[in-house]
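Participant: For reference, the chains in residue letters:
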Amino acid sequence: MSSVPDLPLYDLPGGGKVSTGLLLPAPGEVMVMGDYPPDNFLDKADIKKALSGQVYKDRRKRYLKWMINQSTIGKCNTSANVGGYYLTMDKHGYKHEALADNHLYWKCNGGTDSGTSLASTFNEIQARGVSRRIITVNGQQYRIPDLVYSKRQLPAGVAEAADNDARNFIAFGAYKVPKDWSGFVNTVATATARDQTIVWAWHVTNAGMRIQNGYMQCGNGPGNHANLIQSAKWVDAAKLEDCVHPDNRNSWGPSQDPLYGPVGTGWGDDGHGLVTMQDMFRCIKYHDFYVITGILSNADNSPV
Amino acid sequence: MIDLSRLSTQPVETASLPKSQGRPSDSLGIGIIIGALLTTFSIWLFGGFNVGPHKDGNERQERQHSSSSLQGGTIVFVADTKNPPVWQTIFVRDMKEWAERHGHAGFTWLDDNDDPNAAKLIEAAKAKGVDPPLVAYAKDKKIIRIAGPWTDDKANLEKILK
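Order-wise, the sequence lines are chains A and B. The first sequence begins at 1 in our numbering and counts up by one. The second sequence begins at 305 in our numbering and counts up by one.
Pairs of lysine-lysine residues, derived as DSS-like cross-links and limited to a Cα-Cα distance of at most 27 Å, are as follows:
1. B:LYS386 x A:LYS48
2. A:LYS285 x A:LYS44
3. A:LYS49 x A:LYS176
4. A:LYS61 x A:LYS233
5. B:LYS386 x A:LYS57
6. A:LYS176 x A:LYS57
7. B:LYS386 x A:LYS239
8. B:LYS446 x A:LYS95
9. B:LYS386 x A:LYS49
10. B:LYS430 x B:LYS386
11. A:LYS44 x B:LYS386
12. A:LYS179 x A:LYS233
13. A:LYS57 x A:LYS233
14. A:LYS44 x A:LYS176
15. A:LYS285 x B:LYS386
16. A:LYS61 x A:LYS17
17. A:LYS95 x B:LYS386
18. B:LYS386 x A:LYS65
19. B:LYS386 x A:LYS179
20. A:LYS95 x A:LYS57
21. A:LYS233 x B:LYS386
22. B:LYS445 x A:LYS95
23. A:LYS61 x B:LYS386
24. B:LYS386 x B:LYS445
25. B:LYS443 x A:LYS95
26. B:LYS386 x A:LYS176
27. A:LYS233 x A:LYS65
28. B:LYS446 x B:LYS386
29. B:LYS424 x A:LYS95
Keep in mind the hints are simulated off the structure, nothing from the lab.
Model the full assembly from the supplied sequences, consistent with the hints where possible.
Facilitator: Printed below as a string of structure tokens:
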């Protein structure tokens, strides 16, 4: 599969190419959800209690097995959402299911590998869900190839079967991250302390391919890449914004299993990098970030 | 999903535990609960009361006991998942890890406000005088026991899991 020429590719330090794929929201394109309620904010002592020690490293280790590699197609947005779905499913005790992030992608991209906005992806997963990677088509198991970005690339009947399967994995409970600095800091700190994930945007340049002393290098720009904050590192400091260092889960590998994308290459610390609150805040005026607080799964993967 | 038909027709047993201490927002009560919970859970988990030469033997005995009678089901925790106090997040992390290590099918956290699986469970628990946060035990997708809030000691936990 090839990408359309206007979607840039970046070189990973260890070899391999990856894409981004986040677009600015179209005029009038909105996500219907409220801001994270200020009444829900935890105080600093509680946040410290929840994030101190090796918490973010433990989560990295636990969830490495489901690390996604979007490779050369622009499905970053849907990979971030599916990553959030994985971690939330696990938190609530649901049996893991490998999901086809590119099913969600082809539903939102108009049939071309040209990226999607956060709003379009969120609205699609709320309305129609995301299918499993392995689905049943005409009585046979079929594995959706991970680099497909248009249903026209699939055999007859697969896209319809995927749409039907997607009804099993539908909807998030989500709140927007407030766009004012204080609300932003308190929301990110509180959500990470609660093991809630955050879909967010940053701007990738060539420098962003490497992390420096464990930290991401975010470029100046409106944000061309969506990722998932999955935890945070606690550092003692006077101000809350300096204490909480969010931990980013990228979608550039290293995948541990081909179900989650091409294996063999990866970014950062096994796919992760820390980010400062200040860097995380850079692109929020252009995109609505959101906290995933729960999921609705209709599949028979509930433990009870 | 919980087999609601079975839940509604089968008597639900309640462990002999103290009545609910109230919602998490009741700060004093919950403070006591948190302390007791974390302390007893940590002691139980790490064998804190076992000292000297008997420690290894006791731990081995506990593991053997755990592997024989406390296996195969799912521990169900019902509480607010969107706005939980921090102790619940820590509790969920610990219990999930504990459940996996002790051979349970899992540990699940259902929202007491809008999870349809939780609603019937809460209804049954309230009939027994227990409010969330509560702990139950399920096997084969069927709730087989409802306990009170997780404030008790190892003996009560074993009652839940047997």
